[in-house]
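Asks: Assemble the dimeric complex from its two separately framed chains, guided by the hints.
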Amino acid sequence: MPESRFVYVTYIRTTPENLWKALTDPEFMKQYWFGCHCESEWTPGSPWKLVSPDNKLFDAGEIIESNPPKRLVIRWTNQFKPELKAEGESRCTMELEPIGPAVKLSISHTIGREPSKFIDAVSGGWPKILSNLKSLLETGSIALLEAYPRS
Amino acid sequence: MAESRFVYVTFIRTTPEKLWWALTDPEFTRKYWVESWQECEWKLGASWKLRVPIGDVAEGKVLEIDPPRRLVLSCRASEVFPEAHLEGYTRITYELEQQKESVKLTFIQEIDTPDSKAIGMASQGWPLVLSSLKSLLETGEPLAETRRFEGHG
Chain H
1 MPESRFVYVT YIRTTPENLW KALTDPEFMK QYWFGCHCES EWTPGSPWKL VSPDNKLFDA
61 GEIIESNPPK RLVIRWTNQF KPELKAEGES RCTMELEPIG PAVKLSISHT IGREPSKFID
121 AVSGGWPKIL SNLKSLLETG SIALLEAYPR S
Chain L
1 MAESRFVYVT FIRTTPEKLW WALTDPEFTR KYWVESWQEC EWKLGASWKL RVPIGDVAEG
61 KVLEIDPPRR LVLSCRASEV FPEAHLEGYT RITYELEQQK ESVKLTFIQE IDTPDSKAIG
121 MASQGWPLVL SSLKSLLETG EPLAETRRFE GHG
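Same order as they appear, the protein sequences are chains H and L. In this text, residue positions in the first sequence follow this note's numbering: the first is 1, and each later residue adds one. In this text, residue positions in the second sequence follow this note's numbering: the first is 1, and each later residue adds one.
Source of the hints: derived by calculation from the structure; they are not laboratory data. In this text, a Cβ means the ideal position worked out from N, Cα and C, and glycines have one as well.
The calculated DSS-like cross-link candidates involving lysine-lysine, where the alpha carbons are at most 30 Å apart (straight line), are: (1) L:Lys-18 <-> L:Lys-61; (2) H:Lys-104 <-> L:Lys-49; (3) H:Lys-104 <-> L:Lys-18.
Some chain L residues flagged as far from chain H (calculated, every beta-carbon gap over 12 Å): (4) Glu-3; (5) Ala-22; (6) Glu-41; (7) Trp-48; (8) Lys-49; (9) Arg-51; (10) Asp-56; (11) Glu-59; (12) Val-62; (13) Glu-79; (14) Val-80; (15) Glu-87; (16) Gly-88; (17) Thr-93.
Only chain L is shown next, with the shape it has when bound in the complex (with noise of 0.2 Å):
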């Protein structure tokens, strides 16, 4: 088990398939994602970056794939974050599992460096990004304050 772990599970009123784009598809993201998008084909192996209109925020690979139901990512931050980026990769684990008339979504992001800050940015950023995409697939309006990307830290 990683020595830093950040665990979210949410509900949302979806479906695996329309989960799994809003997850992926470079202009959705935008909306809900403080306006970042990811440059990825999306098959295993592929190289993953994570842009925001500044620059790149993020690097990896993809792990492992299986539409709609799991996505396995390496992830690195980049230079803009300096701390994070000499921690090296962590592991992101989005889970999409179909219960009734919702999609409980598992997302664990974790790296075996104990007190990682990669891991510490990552509890404060993705509770109020997954927040904005609930509240976008179920609405159709994100929060307000996913809508602008404004600097780091």
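The following block holds chain H by itself, in its conformation from the complex (with noise of 0.2 Å):
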């Protein structure tokens, strides 16, 4: 079978709790994902999506499993791009790891096939959302307020 696969491990000084809500909570997540927020209920089979800022659909799925503060994963299919919702389903699990006052935060985005422009964006977009996250997290305020800056 191809497959593409972005993967990122990321290390946040938090409780699991705590980054179950970063993660879920749409208010939150509008601090660190440059203005856009997911919309679900979290619950097994509920739908997913991504919106934009100016409230343009960007992402859209459901939740495939969901066993807070532990597991989420997500089947997540692109809407805003013709090319990359030409690639179908991609699937996004998330999984949190206690790891003394911190947690291993990983991040796997897989689609089934090789190449993937898909992969390609969501491999440039989750180094800077994470980033924000854990900065965010850990000192309260982000780390980059756009997602595509100039120098």
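Replies: See below:
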């Protein structure tokens, strides 16, 4: 089976409960996700969507697994860019594991094709979002105000 | 393109000059890099060693250096890591790019060997070390897990 995969691991000084909330609370999410937020009931089978600051539908799908505050799996299809939407469903798995006074957050985003423009796109996005999330939880403010800043 | 490759990108609220110093200063690296420090003159062709309190863990040379933007090292694990040692030299690239109030740090370690043990070790270890570096620069405190060297493997 062909597959493209993006994997990212970060360690954040927080609790699994706080990190879970940060990953699922729409108002908190807007602070580190460049104004975007997700909408979902975060239970298995419930619909999920990622919405831009001006309310455009960026991505949509459903929750496959939800085991707070440990593991979340989302079926995730781009809705905004035709060439990414054409690649179909991806799967995003988030795992939270306490490591001393911090949490190891592992994100694995996969799609059943190789190469994949969708995985290229999320490979650029996740490090920015997760760097912001870590800064926000540890310091109260983010690292990057804009998704595509000029130097 | 290399057969085995680990890539990690992180955005740190700091300056390129401060980040360059944080990546190379022996006293500073000990705080976030499980007590490791590097011995190097930081000039082209200089030899490079990565040390921990119990001995050397890797060695190589400076292949490119352009402070505070780009550093390329050859890096071979010591005999402490027999499988990675046998694979020979990997190549490590650090790139630092100012992005407004932060710096984009791109870290790459690669080798022309498929399913490399050295790159497998890198992908296990670097996310913790670079997360701790970001915490230390942004909060003044590294992550507790990176304060002590606790053997290998």
